[in-house]
Amino acid sequence: MGLHKLRLAAAVPVTFSSRLFLKPFTNTLTLGLFSRHLQPRNKPLLVRAFSASAAVQDIPATQTSDSSVARPLWKAAIDFKWIRDNKEAVEINIRNRNSNANLEAVLQLYENMVNLQKEVERLREERNNVAKKMKGKLEPSERERLVEEGKNLKESLVTLEEDLVKLKDELQHVAQSIPNMTHPDVPVGGEDSSAIRQEVGSPREFSFPIKDHLQLGKDLDLIDFDSAAEVSGSKFFYLKNEAVLLEMALLNWTLSQVMKKGYTPLTTPEIVRSSIVEKCGFQPRGDNTQVYSIDGTDQCLIGTAEIPVGGIHMDSILLESALPLKYIAFSHCFRTEAGAAGAATKGLYRVHQFSKAEMFVICQPEDSESFHQELIQIEEDLFTSLGLHFKTLDMATADLGAPAYRKFDIEAWMPGLGRFGEISSASNCTDYQSRRLGIRYRPSEPPQTGPKKGKANLPATKFVHTLNATACAVPRMMVCLLENYQQEDGSVVIPEPLRPFMGGIELIKPKLK
Amino acid sequence: MGLHKLRLAAAVPVTFSSRLFLKPFTNTLTLGLFSRHLQPRNKPLLVRAFSASAAVQDIPATQTSDSSAARPLWKAAIDFKWIRDNKEAVEINIRNRNSNANLEAVLQLYENMVNLQKEVERLREERNNVAKKMKGKLEPSERERLVEEGKNLKESLVTLEEDLVKLKDELQHVAQSIPNMTHPDVPVGGEDSSAIRQEVGSPREFSFPIKDHLQLGKDLDLIDFDSAAEVSGSKFFYLKNEAVLLEMALLNWTLSQVMKKGYTPLTTPEIVRSSIVEKCGFQPRGDNTQVYSIDGTDQCLIGTAEIPVGGIHMDSILLESALPLKYIAFSHCFRTEAGAAGAATKGLYRVHQFSKAEMFVICQPEDSESFHQELIQIEEDLFTSLGLHFKTLDMATADLGAPAYRKFDIEAWMPGLGRFGEISSASNCTDYQSRRLGIRYRPSEPPQTGPKKGKANLPATKFVHTLNATACAVPRMMVCLLENYQQEDGSVVIPEPLRPFMGGIELIKPKHK
Numbered sequence: 001m002g003l004h005k006l007r008l009a010a011a012v013p014v015t016f017s018s019r020l021f022l023k024p025f026t027n028t029l030t031l032g033l034f035s036r037h038l039q040p041r042n043k044p045l046l047v048r049a050f051s052a053s054a055a056v057q058d059i060p061a062t063q064t065s066d067s068s069v070a071r072p073l074w075k076a077a078i079d080f081k082w083i084r085d086n087k088e089a090v091e092i093n094i095r096n097r098n099s100n101a102n103l104e105a106v107l108q109l110y111e112n113m114v115n116l117q118k119e120v121e122r123l124r125e126e127r128n129n130v131a132k133k134m135k136g137k138l139e140p141s142e143r144e145r146l147v148e149e150g151k152n153l154k155e156s157l158v159t160l161e162e163d164l165v166k167l168k169d170e171l172q173h174v175a176q177s178i179p180n181m182t183h184p185d186v187p188v189g190g191e192d193s194s195a196i197r198q199e200v201g202s203p204r205e206f207s208f209p210i211k212d213h214l215q216l217g218k219d220l221d222l223i224d225f226d227s228a229a230e231v232s233g234s235k236f237f238y239l240k241n242e243a244v245l246l247e248m249a250l251l252n253w254t255l256s257q258v259m260k261k262g263y264t265p266l267t268t269p270e271i272v273r274s275s276i277v278e279k280c281g282f283q284p285r286g287d288n289t290q291v292y293s294i295d296g297t298d299q300c301l302i303g304t305a306e307i308p309v310g311g312i313h314m315d316s317i318l319l320e321s322a323l324p325l326k327y328i329a330f331s332h333c334f335r336t337e338a339g340a341a342g343a344a345t346k347g348l349y350r351v352h353q354f355s356k357a358e359m360f361v362i363c364q365p366e367d368s369e370s371f372h373q374e375l376i377q378i379e380e381d382l383f384t385s386l387g388l389h390f391k392t393l394d395m396a397t398a399d400l401g402a403p404a405y406r407k408f409d410i411e412a413w414m415p416g417l418g419r420f421g422e423i424s425s426a427s428n429c430t431d432y433q434s435r436r437l438g439i440r441y442r443p444s445e446p447p448q449t450g451p452k453k454g455k456a457n458l459p460a461t462k463f464v465h466t467l468n469a470t471a472c473a474v475p476r477m478m479v480c481l482l483e484n485y486q487q488e489d490g491s492v493v494i495p496e497p498l499r500p501f502m503g504g505i506e507l508i509k510p511k512l513k
Numbered sequence: 001m002g003l004h005k006l007r008l009a010a011a012v013p014v015t016f017s018s019r020l021f022l023k024p025f026t027n028t029l030t031l032g033l034f035s036r037h038l039q040p041r042n043k044p045l046l047v048r049a050f051s052a053s054a055a056v057q058d059i060p061a062t063q064t065s066d067s068s069a070a071r072p073l074w075k076a077a078i079d080f081k082w083i084r085d086n087k088e089a090v091e092i093n094i095r096n097r098n099s100n101a102n103l104e105a106v107l108q109l110y111e112n113m114v115n116l117q118k119e120v121e122r123l124r125e126e127r128n129n130v131a132k133k134m135k136g137k138l139e140p141s142e143r144e145r146l147v148e149e150g151k152n153l154k155e156s157l158v159t160l161e162e163d164l165v166k167l168k169d170e171l172q173h174v175a176q177s178i179p180n181m182t183h184p185d186v187p188v189g190g191e192d193s194s195a196i197r198q199e200v201g202s203p204r205e206f207s208f209p210i211k212d213h214l215q216l217g218k219d220l221d222l223i224d225f226d227s228a229a230e231v232s233g234s235k236f237f238y239l240k241n242e243a244v245l246l247e248m249a250l251l252n253w254t255l256s257q258v259m260k261k262g263y264t265p266l267t268t269p270e271i272v273r274s275s276i277v278e279k280c281g282f283q284p285r286g287d288n289t290q291v292y293s294i295d296g297t298d299q300c301l302i303g304t305a306e307i308p309v310g311g312i313h314m315d316s317i318l319l320e321s322a323l324p325l326k327y328i329a330f331s332h333c334f335r336t337e338a339g340a341a342g343a344a345t346k347g348l349y350r351v352h353q354f355s356k357a358e359m360f361v362i363c364q365p366e367d368s369e370s371f372h373q374e375l376i377q378i379e380e381d382l383f384t385s386l387g388l389h390f391k392t393l394d395m396a397t398a399d400l401g402a403p404a405y406r407k408f409d410i411e412a413w414m415p416g417l418g419r420f421g422e423i424s425s426a427s428n429c430t431d432y433q434s435r436r437l438g439i440r441y442r443p444s445e446p447p448q449t450g451p452k453k454g455k456a457n458l459p460a461t462k463f464v465h466t467l468n469a470t471a472c473a474v475p476r477m478m479v480c481l482l483e484n485y486q487q488e489d490g491s492v493v494i495p496e497p498l499r500p501f502m503g504g505i506e507l508i509k510p511k512h513k
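Chains as they are written, first to last, in UniProt numbering: chain F, 1 to 513; chain C, 1 to 513.
So here's chain F without its partners, still in its complex pose (with noise of 0.2 Å):
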């Protein structure tokens, strides 16, 4: 998803909707499905967050109160038999994760569910064979029976099958929140624990007192925070003079790289309907929802170009011959960044609005780990080339959000902030994406599998792999831009790489006033 992760409340609410279990439920068969109420664990889901203590929030009861709640719009093809057969994996995975998904419930309601399958087929095969048994010829009692059986079969088939799709909506709320299995080489634990992959250049010297980016911004009239304030809110810009240059130096050069290596660049709608962003792992909704909402439409602005390029392909069986399809898309994106209080939120670092280029990858499964090190090689190539200081880091299991198998952020030092700050993010999503936009492939051999007599021999179809990196996150980049390229005048020098992008420009100097 790329830069400072949507620090999300949890897709579907955990304290799943028991007034569906109090409804009259078999008055007619007892099936002892729902020996017990599951206890609600209210505890908080994690789905894509920023940094763990972050996503710890509490979802209120309230959210499931509403009935309509309970009904998805849409489905997560979750692979339930997969699950229930390495429960103890998807367990221990759960617990690395810091996730408070259920798994016990999600068994149970999957065993609900197939134990419900299979009793509304044995009731189908017996009103069909009442059905059969009533063609022939019959003693009136006889007859009479059977429509009264028959009847009885009906009404109790009709109350379970009704039963049927509550359980599998059910299943569904409760088994959105099981996040993605993880990569065995991330290392388990918190943030502290994520391994340090590589570190390129060390932190700039500097021989005269430093600014950080804001007073830079200001003495050299780049950015405009205090009419944005008025204008807009806070945390909110303008950029001004150079700046507005920088900017689109930086997307500039930054495509022009990325599509070097195959990539086609995209620009993308910013508003998009609310099920595309749930279906790429983030809450649109809830009172900590990191997404704007259009007032009065089912519609909410991106926070990231991942969710419009995720959505591009959504419902669709690729060729095999089609994959890899490699993105890089550059869009504006829109946080309400709540709760962010307290977090480093100075200037740039955190805003609601910026700029940002991100990479979005689909392929085949066997492909996607090398993707992965293929955008976050891509990720080091550009900020090395602009001379940053910075580490990548092998996300540890808590941090990772629901979505991600793995992840890469990158780190890179902000000397006015005086710090390391996350400048990417760059995430394997496996098949937990492709499994709720329903994106698939065809594979052009056909499988192992011998070929069936009387059946056309087309291979299955399988769930593509996603991948997202950020190329370039503008406000972040010019944090570090600033803050490392300042000079003892006040000046600030443009790397070289971007100087062909910006007329020619050298260097931001003071203006005369």
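There may be inaccurate statements among the hints.
Claimed, not checked - Quick look at which bits of chain C chain F covers, simulated, 3 or more residues with Cβ under 8 Å:
hint, region
1, 245–252
2, 311–321
3, 329–336
Claimed, not checked - Heads up, simulated DMTMM-like pairs for lysine to aspartate or glutamate below, C-alpha to C-alpha not over 20 Å straight-line:
hint, chain 1, residue 1, chain 2, residue 2
4, F, LYS261, C, ASP221
5, F, LYS326, C, ASP224
6, C, LYS260, F, GLU506
Stated by the list, open to error - Sample of chain C residues lacking proximity to chain F, with all beta carbon distances greater than 12 Å (derived):
hint, residue
7, GLU104
8, ASN128
9, VAL165
10, ARG197
11, GLY201
12, SER370
13, ASP394
14, LYS462
Just so you know, these hints were derived from the structure itself, not from any lab. Every residue gets a Cβ at the ideal spot worked out from N, C-alpha and C, and that includes glycine.
Given the coordinates of chain F, assemble chain C onto it according to the supplied hints.
Leaving out everything else, chain C in the frame of chain F:
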């Protein structure tokens, strides 16, 4: 405001709430001010319109039923005295502009307000007199009489002061719909009356069957409306491949050209407070609003960068030496396009989200006409450089919307669509917006009147003039470029000025699949 004007309902409900008049008003005094109820005119108001016909939208009467709607959150510094003293000219202007502003109601309310103000002042004086009298020695009966009189006066004052506040609010409501005055050279009449200021070039002759930009966009893999319809809704789009570079080149080139004329580049917030939208002359609420609102806040998305740029100097007094302020602002723009069904809606011509570079000038009143000429000249130069065939129109009175004193639109030839289409708009809003946004300046020379003894000789502040003009509305420029520069082999030539800004690409060729 720039390209394809927001079609907007009135900023204020016309049916001003007679509720206020029905409240027991002058129990203690008979002012005779409200001798008759002014008949509400249930006709639509025109605030900012794309075309006169589209702007004619009925305002639902229910809008006024909420008493909170009657309290304006901000006040325009409308020069009521001037309106009263120029009643005939204002009346003719309202008629010429096809506005439904109710001048009679404004003048009546203003008179009521002035009279009520006088009455309040008279009562205050009387109360002061009573208080003064009571300081002396008095007969007990006389003192009692005075106490009683003072009490009555105080009660009357409280009532009248409340009424005055309400009357002022009412006056604001009704008066905000009065449009700007009109430049004497503007042709009087509807769309057909607009005068051609200049025509450049001629329609290109094609020796082959031509495609429209939609077909070209599909064949060259440049534009994806289908995926956007799924992800976001109709009238959204992805740009792809060379179209992304073309957008960037258009914006880069435009900025570089306009900066040469001394304009300061900006990027702006795209979420702003609703009040700023209103102050610029747009209507953020109502059934037919062009404005997307953010759920649960008082914020909305901008339809043009004119809004956040207009807001930069809101509520401030500028130095004369700081003027003119000339900006070229890049932003994404968002419009609901409510009620646009039936209008020219094909492909990129009318979309919900687009990129635009907008010029904005803040200057002294005496300079606004020459800056209007400068803006239209810049537009004409830009479009001439790109080799477009276009005509500049001096828009007729009924097509101006409320804020513009004069407006020049440029319409370019779009061979695929087979017609001219608006690609830019340059408006001189004189003091219409500055009286709402509160942007004044202090002349550096003292006014002509002789200095008064004992008083600080600071010249009085004046309202600035504001102007806005489209430099580049990307999607409509793309329509022009794709359709005009298509070749027989299906490729599209890039105009020379843009080539350096897109890595030297000269031709968009069909992709090999």
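Each hint, compared with the structure:
With a cut-off of 8 Å between beta carbons, the region 245–252 of chain C has 5 residues touching chain F; three or more are needed, and the interface restraint holds. By the rule of at least three residues with a Cβ nearer than 8 Å to a Cβ of chain F, the coverage given for the region 311–321 of chain C holds, with 5 such residues. Under a criterion of three residues with beta carbons nearer than 8 Å to beta carbons of chain F, the stated coverage of the region 329–336 of chain C is upheld, 3 such residues being counted. Only pairs whose Cα atoms come within 20 Å are accepted, and F/LYS261 paired with C/ASP221 is accepted, the gap being roughly 19 Å.
For the proposed pair F/LYS326 and C/ASP224, the alpha carbon gap of about 16 Å is at most 20 Å, so the pair holds. The straight-line distance between the Cα atoms of C/LYS260 and F/GLU506 is roughly 18 Å, inside the 20 Å bound, and the hint therefore holds. The beta carbon of C/GLU104 sits about 35 Å from the closest Cβ of chain F, which is more than 12 Å, so the claim that it is off the interface holds. Against the 12 Å criterion, C/ASN128 stays outside the reach of chain F, whose nearest CB is about 40 Å from its own CB.
The Cβ of C/VAL165 sits about 25 Å from the closest Cβ of chain F, beyond the 12 Å cut-off, so the non-interface label holds. With a cut of 12 Å on Cβ distances, C/ARG197 stays outside the contact zone with chain F, its closest approach being about 31 Å. For C/GLY201, the shortest C-beta to C-beta distance to chain F comes to about 29 Å, beyond the 12 Å cut-off, and the non-interface label holds. At roughly 25 Å from the closest C-beta of chain F, the C-beta of C/SER370 stays outside 12 Å, upholding its exclusion from the interface.
Residue placement check: C/ASP394 keeps its beta carbon more than 12 Å from all beta carbons of chain F (closest about 32 Å). No Cβ of chain F approaches the Cβ of C/LYS462 within 12 Å, the least distance being about 21 Å, so the stated non-interface status holds.
This entry satisfies every hint, going by the numbered hints stated previously.
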